[in-house]
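Order-wise, the sequence lines are chains A and B. Using this note's numbering, the letters of the first sequence correspond one by one to residues 1 to 271. Using this note's numbering, the letters of the second sequence correspond one by one to residues 1 to 423.
Since the hints were derived computationally from the structure, they do not count as laboratory data. Please note that the accuracy of each hint is not assured.
[What the hints assert, rightly or not] In silico DSS-like cross-links for lysine-lysine, where the CA-CA straight-line distance does not exceed 30 Å:
#1 B:K174 / A:K88
#2 A:K160 / B:K364
#3 A:K240 / B:K331
#4 B:K320 / B:K331
In this text the structure is predicted, and so the values were computed from the model without any measurement.
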Amino acid sequence: MDTILFELAVTGYFVATVLGIFDIFRGGKQSSKLMISFAAAGFAVHTSCILYRYVVGGHLPVTSMHEATSFFAWCIVLIYFFLEFRYKIGIMGSFTLPIVFLMMLSAAFLPRAMAPLSPALQSNWLWIHTIFAFVGNAAFAVAFGVGIMYLLQEHYLKSKHWGGLFQRLPSVQVLDDINHKLINIGFPFLTMAIITGSLWAENTWGRYWRWDPKEVWSLITWFVYAVVFHLRLTAGWRQKRAALLSIIGFIVVLFTFFGVNLLLKSVHTFQ
Amino acid sequence: MNILVIGLNHKTASVELRERLAFNGPKLEEGLLKVRQLSSVNEAGLLSTCNRVEIYLAVGDRVAAAEAVIDFISSFHNIERREFEKSLYVYNNSESVRHVFRVASSLDSMIVGEPQVLGQLKDAFDFALAKKTTGVFLNRLMKKAISTAKRVRTETRIAENAVSISFAAVELAKKIFTELSGKSFMLLGAGEMAELAARHLVNSGVVDVKVANRTYERCCELAQEFCGKAVRFEDFVKELVHTDILICSTGAPSYVLLKDQMQQVMKERKHRPVFLIDISVPRNIDPDINKIDNAYLYNVDDLQEVVDTNILGRKKEAAKAAAIVDEEVEKFAHWLTTLDSVPLIIALRQKADGIKQEEIEKFKNKFPDLDKEKMQAVEHLANALTNKLIHHPTVALKENAEDREMITIVIKKLYGINGDDEQ
Chain A
1 MDTILFELAV TGYFVATVLG IFDIFRGGKQ SSKLMISFAA AGFAVHTSCI LYRYVVGGHL
61 PVTSMHEATS FFAWCIVLIY FFLEFRYKIG IMGSFTLPIV FLMMLSAAFL PRAMAPLSPA
121 LQSNWLWIHT IFAFVGNAAF AVAFGVGIMY LLQEHYLKSK HWGGLFQRLP SVQVLDDINH
181 KLINIGFPFL TMAIITGSLW AENTWGRYWR WDPKEVWSLI TWFVYAVVFH LRLTAGWRQK
241 RAALLSIIGF IVVLFTFFGV NLLLKSVHTF Q
Chain B
1 MNILVIGLNH KTASVELRER LAFNGPKLEE GLLKVRQLSS VNEAGLLSTC NRVEIYLAVG
61 DRVAAAEAVI DFISSFHNIE RREFEKSLYV YNNSESVRHV FRVASSLDSM IVGEPQVLGQ
121 LKDAFDFALA KKTTGVFLNR LMKKAISTAK RVRTETRIAE NAVSISFAAV ELAKKIFTEL
181 SGKSFMLLGA GEMAELAARH LVNSGVVDVK VANRTYERCC ELAQEFCGKA VRFEDFVKEL
241 VHTDILICST GAPSYVLLKD QMQQVMKERK HRPVFLIDIS VPRNIDPDIN KIDNAYLYNV
301 DDLQEVVDTN ILGRKKEAAK AAAIVDEEVE KFAHWLTTLD SVPLIIALRQ KADGIKQEEI
361 EKFKNKFPDL DKEKMQAVEH LANALTNKLI HHPTVALKEN AEDREMITIV IKKLYGINGD
421 DEQ
């Protein structure tokens, strides 16, 4: 059941991604609408897939690499829809839905079996810690897409080349605004994820901080976004620099999420 | 009835000729009434702008009417026919409808998509309507021209994107700031183009307008005009810290704003984006400033390029617009042809009713003591028969088929209706 739902969600996101990429090269308002409809359909199925796993497993489905990746993607779509609803940019999907699709695709290749919950994870902290972590990281993922949009539009304006997406991209100020808001959400969430994580660790293992690779990389991520967050306030590192940093930041997020799990040994590594 | 357009425009005639043939001021009314009074003209409208002079006509005999109108132009403007005849175009029926629709949709304009021409055309027809020189044909033509123009505007992007330098500046500003309301703006120097751009910006909602000029009086004058405040020229760099959009158009022979100065300004304004428009020739703002992050510098050539790109874009949209015009012309032509067959349809109906009435009278004479009820039944039968018999010929006449002309002849022959009955 959940397999079918998952495949359907991947298909929905796939079609939306193809339409989104088509939209970048030659499209109009109509193709954006179609892309959004497919993404919405994918999202609906995806939501029911997660709910199904929640009901059957009895806990938030984030305890295998497959589940975690899928949930991460789900959070990104959630934030994307929120922004689309608020700003109605249309073309934004072309820059965020491909990330979603690639995540879902990699999730598709990971083992999907529902394993019983290990005793260490049987705690309410699971909820709190992971939701903070995923929503925070999802905000960074969308900030990545918006950052690319910003750099593109800035390039059009600076080079005085008005072809391509110039007309369809919003102003650099709006893009910077969205980026700013996303970091403003993502950074406190990531901070909370680290705090709740260490509280949970203390609870379970008796120590707040163990220099586990995931912890170290989360801290590195936190520092990157702390720089973005802080410098905007003090030195006026806005616009282009903020966009660049949010792109770099997301690459670090991706490594923290995938790299640590696949390459390094950590308590966060899924069995 | 034929619809006829006789005229010349910026493509066919030189400015001098257009000026000589223009119907300005009181000449418009005089000319319009005189055209209408020509014996071969049933309805008339007259459009005279700086780019075109056109006479719209509904006439019976189009050759005679065209001759009469051209003669009229010649005598009215006191100009030999051979001097302007080559520049004239004469369109009739669907060609003339297409032309009027194209003019209304601004496809025939010097700058394709410019919106004024529709207003001018509307004014011209309103004037003709007020002078009672138009009728069913031209009124409907105008109504359809307006709706076609509206369709073109909403269904294509022909009128989008600025095609003047001052509008291009506003358009670019919106790609940097989105909302111009609440942004601060400074006009440095003066000049027609700069002031025009400033006016567009103020209309788009910028607040906090500042004006800096080397001569203080001019400065105060402009400040008053834009409801802004005057800034001393020496202080403009300092003011730049609180300015989001700057239009610069001074007569200075060298740069008045250097990269170092701008870098300092950017630091002080915490790198909030700034849009600098340098309309001066020679340039007054160091072009290297464009390399500073969040400072967007455009000079007059850059803006001209925006305009050129947009004009090119409009030309592409014009193809889509032409398709819409074709569709509307088709509909109008259909209306025209169905209108053409109206007299014949009436004649056919009269003929049939005549025969019916005649036969009923004969029948009454034959059976004078038939009771009322039966007589009514017979009349009912006669009605049904005539209606059914002329139903299909009527439909055939209303249809816009290719062989309509042949059908017209055949029906006339079969039902014994001669040409004179039509009128």
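To see whether the hints hold, each was checked on the structure:
Between B:K174 and A:K88 the alpha-carbon distance is near 16 Å, which keeps this suggested pair within the 30 Å criterion. The suggested pairing of A:K160 with B:K364 is violated, with an alpha-carbon distance near 91 Å, which exceeds 30 Å. As the CA atoms of A:K240 and B:K331 are separated by approximately 54 Å, the hinted pair breaks the 30 Å bound. As the CA atoms of B:K320 and B:K331 are separated by approximately 17 Å, the hinted pair is consistent with the 30 Å bound.
Consistency note: the structure conflicts with the earlier hints numbered 2 and 3.
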